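Student: All chains, please: the whole structure from these sequences, using the hints.
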Amino acid sequence: MSNPKASLLAASLTCVAALACCSATPARPMGGAPPPLPDGEYTFHHRFAEHPSMPSIDMRVRFGEGRIVVTNTTPGTPFPLGVVAEGQLLWNGKVGKWIIARTPADQEAREVGGCSDGPEVVDLEKRIYWTC
6 MSNPKASLLA
16 ASLTCVAALA
26 CCSATPARPM
36 GGAPPPLPDG
46 EYTFHHRFAE
56 HPSMPSIDMR
66 VRFGEGRIVV
76 TNTTPGTPFP
86 LGVVAEGQLL
96 WNGKVGKWII
106 ARTPADQEAR
116 EVGGCSDGPE
126 VVDLEKRIYW
136 TC
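Quick note: the sequence shown uses our numbering, first residue 6, plus one each step.
It should be emphasised that the hints constitute simulated quantities derived from the structure, not laboratory data.
These figures come from a predicted structure and were not determined experimentally.
Cβ atoms here follow ideal geometry from the backbone N, Cα and C, with glycine treated the same way.
The reader is advised that the hints may include incorrect statements.
[Stated by the list, open to error] Label-pair distances were calculated between CB atoms; the ranges are:
#1 113 to 81: 15 to 25 Å
#2 109 to 58: 27 to 37 Å
#3 98 to 60: 30 to 40 Å
#4 56 to 79: 17 to 27 Å
#5 60 to 109: 32 to 42 Å
#6 130 to 72: 17 to 27 Å
#7 113 to 60: 27 to 37 Å
#8 131 to 98: 26 to 36 Å
Tutor: Printed below as a string of structure tokens:
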């Protein structure tokens with residue numbers, strides 16, 4: 006005869022394991038959370054939203070104290086030399102993207118990146134700075 010307490014424990018552990026498996030998507034930080042990249046300087050590749058496969062340039066991206074600064078260091082490109090974008094790095098939960106916010110309202114924008122009127126987007130995983 007089997008032990009009912011052991012059976013109940015085994016069933017409970019199976020449920021817990023199933024729930025953990027199904028909810029294994031990483032939690033996304035809220036607006037005040039630190040970005041997933043530590044403060045410092047990185048190289049990001051630029052991409053055009055309308056032509057994502059078109060070759061473009063690398064840009065220097067600096068993160069510090071919740072802010073982001075994107076700098077073009079390559080002469081002879083469509084971008085002026087120097088800072089091309091800067092603002093607060095915020096997670097926009099409505100669209101599920103990291104944005105370069107210039108106002109607090111940008112965090113609630115329903116349209117971001119691409120050729121929208123919303124804030125620009127940065128892909129921190131793939132290290133891409135997107136523009137129109």
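Student: Hint by hint, note whether the structure agrees.
Tutor: Do the hints match the structure? See the list:
1. 113 to 81: 15 to 25 Å: violated, 38 Å
2. 109 to 58: 27 to 37 Å: holds, 34 Å
3. 98 to 60: 30 to 40 Å: holds, 32 Å
4. 56 to 79: 17 to 27 Å: Since the Cβ atoms of residue 56 and residue 79 sit about 18 Å apart, the hinted range of 17 to 27 Å holds.
5. 60 to 109: 32 to 42 Å: holds, 35 Å
6. 130 to 72: 17 to 27 Å: Distance hint for residue 130, residue 72 holds at roughly 20 Å.
7. 113 to 60: 27 to 37 Å: holds, 34 Å
8. 131 to 98: 26 to 36 Å: violated, 20 Å
In this structure, the earlier hints numbered 1 and 8 are contradicted, and the remaining ones agree with it.
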